[in-house]
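Chemist: Turn these sequences into a full structure, and let the hints steer you where they fit.
Those sequence lines, one after another, are chains A and B.
Mapped onto the numbering used here, the consecutive letters of the first sequence carry residue numbers 1 to 166.
Mapped onto the numbering used here, the consecutive letters of the second sequence carry residue numbers 167 to 386.
It is worth saying that the hints were derived from the structure and are not from the lab.
The beta-carbon is built from N, C-alpha and C at its ideal position, and this holds for glycine as well.
Warning: the hint list may mix true and false statements.
[To be verified] Simulated coverage check for chain B against chain A, where a stretch passes if three residues somewhere in it have a Cβ under 8 Å from a Cβ of chain A:
{"#": "1", "region": "238 to 249"}
{"#": "2", "region": "352 to 364"}
[To be verified] Taking lysine-lysine and the BS3-like style, the derived pairs with C-alpha atoms no more than 25 Å apart in a straight line are:
{"#": "3", "chain 1": "A", "residue 1": "K135", "chain 2": "B", "residue 2": "K237"}
{"#": "4", "chain 1": "B", "residue 1": "K320", "chain 2": "B", "residue 2": "K294"}
{"#": "5", "chain 1": "B", "residue 1": "K240", "chain 2": "B", "residue 2": "K210"}
{"#": "6", "chain 1": "B", "residue 1": "K320", "chain 2": "A", "residue 2": "K47"}
{"#": "7", "chain 1": "B", "residue 1": "K320", "chain 2": "A", "residue 2": "K35"}
{"#": "8", "chain 1": "B", "residue 1": "K240", "chain 2": "A", "residue 2": "K40"}
{"#": "9", "chain 1": "B", "residue 1": "K237", "chain 2": "B", "residue 2": "K294"}
{"#": "10", "chain 1": "A", "residue 1": "K40", "chain 2": "B", "residue 2": "K237"}
{"#": "11", "chain 1": "B", "residue 1": "K294", "chain 2": "A", "residue 2": "K40"}
{"#": "12", "chain 1": "B", "residue 1": "K294", "chain 2": "A", "residue 2": "K35"}
[Unchecked claim] Partial selection, computed: residues in chain A whose CB lies under 8 Å from chain B:
{"#": "13", "residue": "I2"}
{"#": "14", "residue": "I4"}
{"#": "15", "residue": "Q11"}
{"#": "16", "residue": "L22"}
{"#": "17", "residue": "A26"}
{"#": "18", "residue": "V30"}
{"#": "19", "residue": "S127"}
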Amino acid sequence: MIEINATMIAQVLNFLILAAILRALAYQPVARLLKQRSDKIRDTIDKAEADKRAAEETLAQYKSQLADAQRRAQEIVDKAEITARQEREVLVAETKKEIDRMKQNAQLEIQNERNRAFEQMQKEIVSLSLAAAEKVVAKNLSSKENDKLVNDFIAGLNKNMFSDIK
Amino acid sequence: MEHIGVRETVKFLGLTFNWETLCMTWLAMAIVIIISCLAVRSLKVIPSGWQNFIEIVVVWLQGQIDNMMGKRGKMFEPFIVSLFLFLLTSNLLGLIPFLESPTNDLNTTLGLALLVVAMVHIFGLYFKRGHYIAHFFQPFAPFVIINMIEEIAKPITLAFRLFGNILAGEILIIVLLHLIPIWMPIPSVVWLAFSIFISCVHAVIFTMLSMAYLGNAVRE
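Modeler: This is how it looks when you write it as structure tokens:
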């Protein structure tokens, strides 16, 4: 049962042949594949990490850009508000000035109109008074007395009747 | 019963060979090669079929080799993988009716054990030179006797452990079938299942011990 013979040497050779065949046939391709796979996995992980980093960077960039844009938009709005307020103030001031000017003009015109009306009225009153005086007296007076009468009349008018006009 | 352990021998060039052992060895080699062919026929990054099996074996042994043998272990990977696949196939072959394990012959196991031990010494000397010889005289010179006994015991224990377990398993299958009537197959089936386990375990043990011995010799 336990008998050592040349089989031992044959078995060693058999095994060495098998090892050589397996090395060429199976081990090397499998080891290569395993290495390929681990390389691929490492590459993929590296790439994923790089992608993630890049994405984070881009996000940060976008965020800062967005914040910048918001800030600038706010600035523009603020500036616009300020400009609008200034413009409005200018407009209001101009309008006020215009109103004042118009008021002054109106007052001036009113004054002129009144003066003109007063003068006209004075003239008409003179002629009316003359006509009335001629009718009332109806007799010849000396031109000296006539003038005196008229002047007295006018003076009386001035004092009594038109005191409230001026 | 009488045929257990009786070897059919052939004479060739004045040398005696156990014919059945040789045939079974070639069968085991053929099976291993066929499985490897099936596995590597279409290697894919996403494995399937036999590729899974070979990959599991290779990855597992690579891990063990890395742990036990360090960086230099890389060059022994094909040898260790072949050893494991051959022993596993050989051990399981004996459980198939009418076949026997090549490893139930001491010539096979002792041959492999001596091969491993020869590699241990050759690569030990190659990598460590003087230090390798010096380590037999550690911790002090008289220990060389104990160390020598240990070195001699290595191949013997390696060979007899595998040989004894596999032969015992096969003998017990035959014995159980003879002792217990054919309509009571449960004990032999249970023993068969246990033998499958034993076959795997001893393939692992032989491979691991070879790795450990080689690792001691070649590790930096």
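Chemist: Looking back at the hints listed earlier, which ones does the structure fail to meet?
Modeler: 2, 3, 6, 7, 11, 12 and 19
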